[in-house]
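Let's have the full structure, built from the sequences with the hints guiding it.
Here the protein sequences come in this chain order: G, U, X and Z.
All the letters of the first sequence, read from the start, carry residue numbers 8 to 421 under the working numbering.
All the letters of the second sequence, read from the start, carry residue numbers 8 to 421 under the working numbering.
All the letters of the third sequence, read from the start, carry residue numbers 16 to 164 under the working numbering.
All the letters of the fourth sequence, read from the start, carry residue numbers 16 to 164 under the working numbering.
Derived by calculation from the structure, the hints in this document are not laboratory data.
Note that this is a predicted model, so its numbers are computed, not measured.
Hints are supplied without guarantee of correctness; some may be wrong.
[What the hints assert, rightly or not] Taking lysine-lysine pairs in the BS3-like style, the calculated list, with each CA pair at most 25 Å apart, reads:
| no. | chain 1 | residue 1 | chain 2 | residue 2 |
| --- | --- | --- | --- | --- |
| 1 | G | K333 | Z | K23 |
| 2 | Z | K30 | Z | K131 |
| 3 | X | K131 | X | K23 |
| 4 | X | K146 | X | K131 |
| 5 | U | K176 | U | K155 |
| 6 | X | K30 | U | K333 |
| 7 | G | K319 | G | K333 |
| 8 | G | K333 | Z | K30 |
| 9 | G | K176 | G | K155 |
| 10 | X | K23 | U | K333 |
| 11 | Z | K146 | Z | K61 |
| 12 | Z | K23 | Z | K131 |
[Unchecked claim] So the derived list for chain X, only partly shown, Cβ under 8 Å to chain U, looks like this:
| no. | residue |
| --- | --- |
| 13 | T26 |
| 14 | G76 |
| 15 | V78 |
| 16 | C136 |
Think of the CB as a built atom: it goes at the ideal place given N, C-alpha and C, for glycine as much as any other residue.
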Amino acid sequence: MPPVPSFDPVSVRAAFPILAAGAVPGMNGRRIHYLDNAASSQTPRPVLDALIRFETAERANVHRGVHRLAEAATAAFEGARAKVARHLNVTEQTIVFTSGTTMAINVVAGAFGDTLSAGDEIVISELEHHGNIVPWHLLARRRGVVVKALPVTAEGLIETAALERVVTKRCRLIALAHVSNVTGAVLDLAPVRAAAGAVGAQLLLDGAQRTPHGPVDLPALGCDFYAFSGHKMFAPHGIGVLWARPELLEAMPPFLGGGGMIERVTLTETSFARPPRRFEAGTPPIGPAIGLGAAVDWIAGIDWAAATEHEKQLTQRMLDGLAAIKGLRVIGPTGLQGRIGVVSFVLDGAHPHDVAQVLDAHDVACRGGHHCAQPLHERFGVNGSTRASLAPYNDAEDVDALLGGIADAVAKLA
Amino acid sequence: MPPVPSFDPVSVRAAFPILAAGAVPGMNGRRIHYLDNAASSQTPRPVLDALIRFETAERANVHRGVHRLAEAATAAFEGARAKVARHLNVTEQTIVFTSGTTMAINVVAGAFGDTLSAGDEIVISELEHHGNIVPWHLLARRRGVVVKALPVTAEGLIETAALERVVTKRCRLIALAHVSNVTGAVLDLAPVRAAAGAVGAQLLLDGAQRTPHGPVDLPALGCDFYAFSGHKMFAPHGIGVLWARPELLEAMPPFLGGGGMIERVTLTETSFARPPRRFEAGTPPIGPAIGLGAAVDWIAGIDWAAATEHEKQLTQRMLDGLAAIKGLRVIGPTGLQGRIGVVSFVLDGAHPHDVAQVLDAHDVACRGGHHCAQPLHERFGVNGSTRASLAPYNDAEDVDALLGGIADAVAKLA
Amino acid sequence: MSDELYQKAITAHAKAAVGAGRLDRADSAATIDNPLCGDRVTMEVKLDRGRIAALAHEVRGCVLCRAAASVIGRHAQGLTRAEAQAIDTALRGMLGGGDPPSWPDLAAFRPVARHKSRHECVMLPFDALVKALEAAGPAAAGAGPAAKR
Amino acid sequence: MSDELYQKAITAHAKAAVGAGRLDRADSAATIDNPLCGDRVTMEVKLDRGRIAALAHEVRGCVLCRAAASVIGRHAQGLTRAEAQAIDTALRGMLGGGDPPSWPDLAAFRPVARHKSRHECVMLPFDALVKALEAAGPAAAGAGPAAKR
Ligand SMILES: Cc1ncc(COP(=O)(O)O)c(C=O)c1O
Ligand SMILES: Cc1ncc(COP(=O)(O)O)c(C=O)c1O
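In structure tokens, the structure reads:
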């Protein structure tokens, strides 16, 4: 049972071994200012403990085994599925474990995509992560479906006014980021849902950047598919989730083949298990899944009203500080409205990698580059940006270290 | 650097926390006799240490990041690739990290399969794991290729005499288990290689059951694709490897799309990175890969001549004990010739799950069922079998506990 | 430990195999597979005004599964669909840690509760029975008005 | 720590941008992308009997990349393909922990060795130069017999 929700950034940070002073080698006892959370978050002790417990007291392959370790491993693995389901307010049978967001979207492109015909349309947007672009390009090659993109406004928001024009009767799927990994902008869902409903298209949300910021009530979102990764939400790498409406899961053919997803195999044909198994071929990432279960428990133990307020304050501090720097431009929303604590910026005359490198010298971990969103950067006429992204363990010191580092970068580079 | 190879079963076992007396809850201080290694092996401390080090001192997403944690994570992740490459005597560029054997074979079915035409033939065998059957069935549905199977002899060996008949000019790929996960039989490679060579077919070996038993010299095998899983070779779950000849990797289109595998993405098209990246879409299973790197280091520290001799002695002890039990039949080779320490058997009138359950009461972990090899069990006219499989940490006590447990199962069930 | 699973009561039920075989002319039948282990149970029933008049089963399965089928063979006579469903639900409840159902023979399966991987072995025959009765349609819905629909 | 990366010498090279621009009529050219960061370098060369007579580069990249290109602009005059290849190899060696190549200006890049993710930033212009010289074919292979082939 998760504890009663509470929030205290200091004790939250204390749960993360890597954030302690001296944890990172070569830092001479200083602590790291980790602001690369949108790439991968850090991992709290309860997640590590669950991993270690699995490896040292419960380890076995899951399913089909009756000995005590197989029982324990299966209980822990299926228990993790149950935790994730509860966290999203859905049933266990609709939780498909994958290796990450990218794989989850590839499964949709392969399985749901298998039901599409040449000329059917898929609508994405200009701000998508490559993980929600390339699978559709590959599907377009394979099946002749057409991929269309919603434009992005100067403020970095998906131009929902364009929905009417872009979403036609041939549209079978709208696939959009719930939250942008570059701008932190949260999707304005209502018009998208309406547009999908109007033409009977399914709606896929890429939740990779949303799930690290608190529980998600999937039924309330009203989407058809939801994809996310464990490693961005305090869990190990190598685990992710595809959720889909039960009717869709039941109707879809499998994408990957192997053990565990079958009903019966002969030399000439295979019949398939029911969901979620049908979409989980081979031995699953058992330890990482158990880690994800522990991570959602940890998330459920946070008071997200307070954590969100904390994040907003830090975001404001960051935006204020950035606005004061000459030659710096924030990509995307510059206010607190409709965004989370992911902020990307470009600095006149300074390359994002150089900026990130100077920040590193200030013990600040930020990411510079295209963040797997080349079309969005092209939209803004830049090759890349520097991104700072927040998690509940960040504090004002982290933000101030960032701002101090940028001032130094301006002095050195611009 | 791995230490000088040595082998002492007692100190080997001491490296595995879960095998210590009292490690498994509810066992009142007794140790487990773990003989389910063919499903998943156990994990030694150096692998756990590498995992924990990553999570607590190096954790970040890999590639594209310049801050110190991204540098450390990338060095550890790419270092793991280098270790695996060295372990297999191949170059780093030919090591594709996947989530496991099943995914590795699905990647071949998707990528190499994309280059096949209707009527092209793929040859498997009757003893394959579902992970090397179902991907080909799915490919057959998608592209109209024909899947043919080599029969299995009464001794559980692939009938290489049938190669000439089954492998025709239309054959593009022969995909076989290097070692059977049911019988422990090692593939007789020479005639298979000759048959593939004669018609210009590629040769894929499913090495899932081979790699836990010592380093593999891939160039010496003379195959074109090789697939295996970390979790069966002392590494975490969620990581596996596809190796392929460089020319094949260069020629194949990608199977999965996402970040990391691209060269350039626009809204309308994607160009792809060179191998191995082209086949690694999205954030990879970083921690599990680092664990695999530590596992191959651990394996390299074992004196495999001695370990293999040890395994042979235990296998002989097991086979002798089983031969003495009335109504018990071993599936597959009953001698030491051309096999590893994986032994499956059926007990007249006793269901494999009941046998495994009684064994569990003797602290022996064995697997009962079809072991994801339904066609092979059908071949032998049974629904399932009970399987005992050895690792270097097993000893005579484990084997004797197994034999004692089987005697009890006979008394109770048969 | 799990030795108790194979206490005399259970193995005796499995050996007894009450009801094993096939019916000459069944009113309804159902087959259920357990895809995890390949086990399979077929249940056939003959009905008389919504109640089981005769029953036979074919089981390819473990001791637990065969014992459960035998218990059904012993007690199913006269059962309605609703009663069969109630037993099925109660048995699943017992495996989840609850009280045993009304048939005393089923208490022998209580130790299975601790072995989650074996729950389905016990449930398979019961689920097949319920499915067979459901497949019978209105004829099995009870002696009352439903039979007249 | 990595502050040393942006010591005066490096930023001065980047600002100097010796050789930045395009040639009127190049004998050979090559463009290399770093797919990881999207950076791109184009190198153009004019050759005279197998030696670089003129050179220009266009760089879309970071300070390290621009500084490296500028160092090339400063020293490449008269270089043969073999010499360019030797410098490229020696520079890669220095980043791997070895000694600096013969051009003293390149010692300023030594601190990059500790930052593996930045090695390609420095190498990109050198690799582009080698590629441009290779693309020139026999004309760039040296002043000797190769030029007559
Ligand atoms: C021979 C063989 N092939 C393939 C597999 C599939 O491996 P995984 O489930 O790790 O993908 C296994 C083990 O499960 C196996 O033993
Ligand atoms: C919005 C978004 N979508 C998809 C992905 C891909 O996730 P992964 O790399 O974990 O598969 C990411 C992160 O990398 C992301 O931020």
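Hint-by-hint comparison with the structure:
1. G:K333 with Z:K23: holds, 22 Å
2. Z:K30 with Z:K131: Roughly 24 Å between the alpha carbons, so the hint for K30 of chain Z and K131 of chain Z holds.
3. X:K131 with X:K23: holds, 21 Å
4. X:K146 with X:K131: holds, 22 Å
5. U:K176 with U:K155: Holds, at roughly 13 Å.
6. X:K30 with U:K333: Roughly 20 Å between the alpha carbons, so the hint for K30 of chain X and K333 of chain U holds.
7. G:K319 with G:K333: holds, 23 Å
8. G:K333 with Z:K30: holds, 20 Å
9. G:K176 with G:K155: holds, 13 Å
10. X:K23 with U:K333: Holds - the C-alpha atoms of K333 of chain U and K23 of chain X are around 22 Å apart, at most 25 Å.
11. Z:K146 with Z:K61: holds, 14 Å
12. Z:K23 with Z:K131: holds, 21 Å
13. T26: holds, 7 Å
14. G76: G76 of chain X check passes; min Cβ-Cβ to chain U is 7 Å, inside 8 Å.
15. V78: Cβ of V78 of chain X sits 5 Å from chain U, so the hint holds.
16. C136: holds, 7 Å
Checked against the numbered hints listed earlier, the structure breaks none of them; every hint is satisfied.
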